[in-house]
Amino acid sequence: MNYSNIKYSDIANGVGIRTTLFVSGCRLRCKGCFNFEAWDFKSGKVFTPEVEQTIIDSLAPSYVDGLSVLGGEPMEPENQEVLVGFLERVKETYPTKTIWLYSGHTWEELTQGEWHLAPTDRILRCLDVLVDGPWVQELYDITLRFRGSSNQRLIDVPSTLEAGEVVLWEDEPLFSERGMQ
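Going from the sequence shown to the working numbering is simple: count from 1 and add 3.
No wet-lab data here; the hints were simulated from the structure. Some hints here could point you the wrong way.
Claimed, not checked - Using 27 Å as the maximum straight-line C-alpha spacing, the simulated DSS-like pairs for lysine-lysine come out as follows:
| hint | residue 1 | residue 2 |
| --- | --- | --- |
| 1 | Lys34 | Lys45 |
| 2 | Lys48 | Lys34 |
| 3 | Lys48 | Lys10 |
| 4 | Lys94 | Lys10 |
| 5 | Lys34 | Lys10 |
With these hints in hand, go ahead and build the complete structure from the sequences.
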């Protein structure tokens, strides 16, 4: 797997301060994609064990809230094969840090459709929030928290797995607790 970028101290792709990994490779090619350079599976650099360790180490400070994974498309089959072990390692090393993953595929496609692959369930069990659905330029809304278009959902993955149906992530209690709107 290749990656196109790593952002440390990112505040745009999940709650709090995060390390964000942008993987390479996406067959969806959404119109208006902000990261079209990452469509090519060979773009960027190789995701080596050293890069993985650097990301793991970047999550250690107490002020870092977690890891976000974007693309490209993290749930492409080639990327799932590499990400599954990495995400399990992050979850095991930092059980209180949150993991967010952005996918252009819906929950239903990932759990019941053709995108449900051998590593998919293991990846989903590592996640706290899945932002699902393709970017749709016509549904772009700058007022949305942590997503770009109104068709995308912020899914509370642990609650969804427990309930057996999609449970949306509730951000209002979190922002009220932190004195924000």
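How the hints compare with the structure:
1. Lys34 / Lys45: 21 Å, holds
2. Lys48 / Lys34: Holds: Lys48 and Lys34 sit about 24 Å apart, inside 27 Å.
3. Lys48 / Lys10: Holds. Lys48 to Lys10 sits at ~14 Å (cutoff 27 Å).
4. Lys94 / Lys10: Answer holds: Lys94 to Lys10 is near 19 Å, not above 27 Å.
5. Lys34 / Lys10: 24 Å, holds
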